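Chemist: Whenever a hint applies, use it, and build me the whole structure from the sequences.
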Amino acid sequence: MQTPVTAAPVAVPSAEEWIVKSAAGEEYLIQIGFPLSWSSKPDAAQAGKPVHILYCTDGNALFFTALDALHRRLSVPALATDAAAAVVVAIGYPLAADPPPGVFSPRRGRDLTPPSPGADPEREGGADVFADFIRQTVRPFVHGRIAQRRGSGGGSGSGSGSGDAKIGREALYGHSYGGLFALHVLFTRPAAAGFDCYVVSSPSVWWNEEFLLTEEEAFRAAAERAAGGDGGVEKKRPQLMMFAGGDEQVPPRRRGESDDRYEERRRVGEERNMVGHMVAMAGRLRASGKLERFTSKVFHGEDHGTVIACSLSRGLTTFFEDWPLEEYE
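Numbering (this note's numbering) for the sequence shown: 16 to 344.
Heads up, some of the hints might be wrong.
Said to hold, decoys possible - If you anchor each label on the Cβ, the simulated ranges turn out as follows:
id: 1; residue 1: ARG268; residue 2: ALA233; range: 36 to 44 Å
id: 2; residue 1: ALA23; residue 2: ALA233; range: 31 to 39 Å
id: 3; residue 1: GLU342; residue 2: TRP221; range: 20 to 28 Å
id: 4; residue 1: VAL27; residue 2: ARG138; range: 46 to 54 Å
id: 5; residue 1: GLY298; residue 2: ALA111; range: 38 to 46 Å
id: 6; residue 1: ASP337; residue 2: ARG122; range: 32 to 40 Å
id: 7; residue 1: ARG270; residue 2: PRO65; range: 47 to 55 Å
id: 8; residue 1: ARG268; residue 2: LYS36; range: 40 to 48 Å
Simulated from the structure, these hints should not be mistaken for laboratory data.
Please read these numbers as outputs of a predicted model, since none were measured by experiment.
Just so you know, even glycine gets a beta-carbon here, dropped at the ideal spot from N, CA and C.
Modeler: Now the structure itself:
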């Protein structure tokens, strides 16, 4: 006897996505994930509570990972304290359906790499423009959506709404090129960007002959930031989390892998020096006094791909629940 089945659409609870255009007219896919309790009606218990926001680059690849991590934490009240007022935002790209899409857009190479000598102007060096887009367009739009969502328990309009939109902490997460981008923003515009925390996973420090190290050196050497902001109030220094996978630099051999293929992966791992760069930079930044707080961790047994889930889940949980940061190692 054949089991009766009915096709049903895949539902993503308490989430929405929008196409948002930059000043240059380029389209971006902005996906926003809310607590499940916001799906039907305003949560009276959370009224007036600040909403903390984690923004992720490479949104096409990371949104559902971040959303699932958030919802899992919120499903266990004993674990989810401050996370009840938490939102995740993924900044990605509309990907064509033909040919079949992947999860990484070619545009990321331009958006996530700093302007620098030797960068290909057609494909690289657009990080400052992308950072301006996030600050001037994405964040105000997200704040408006939170106001409307909290005020009405849903709604499809794109206006700013009239609900309670008290914004709390905001963090930026990036992996690989995204980690390079996050560090570039931290090093070159720590006050103007407005992020309270940067969550950096396996940053591509190797890119363009390690140009990022020049920005890091300037950041550490800069004089202590003067008082600024509204009313001359001194801006608080940002906090930073850095992660890497222990198998990124010296990868284990895969079952059945040829000598040539393994040697190529080993060579790339050695050249890019992902763990070495992260650990060395962590030591310098920790000693610099330029950060309010700092944590770093190497996830042993994880490679450049698998460490994403580890760093995103740990970074999200720490930012939403265990604030301010404490040292991991």
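Chemist: Are the hints correct? Go through all of them and say.
Modeler: Now the hints, each set against the structure:
1. ARG268 to ALA233: 36 to 44 Å: Taking Cβ atoms as reference, ARG268 and ALA233 lie about 40 Å apart, which means the hint holds.
2. ALA23 to ALA233: 31 to 39 Å: For ALA23 and ALA233 the Cβ distance comes to about 54 Å; the hint is violated.
3. GLU342 to TRP221: 20 to 28 Å: holds, 26 Å
4. VAL27 to ARG138: 46 to 54 Å: violated, 32 Å
5. GLY298 to ALA111: 38 to 46 Å: holds, 43 Å
6. ASP337 to ARG122: 32 to 40 Å: holds, 34 Å
7. ARG270 to PRO65: 47 to 55 Å: Cβ of ARG270 to Cβ of PRO65: about 49 Å, so the range 47 to 55 Å holds.
8. ARG268 to LYS36: 40 to 48 Å: Taking Cβ atoms as reference, ARG268 and LYS36 lie about 47 Å apart, which means the hint holds.
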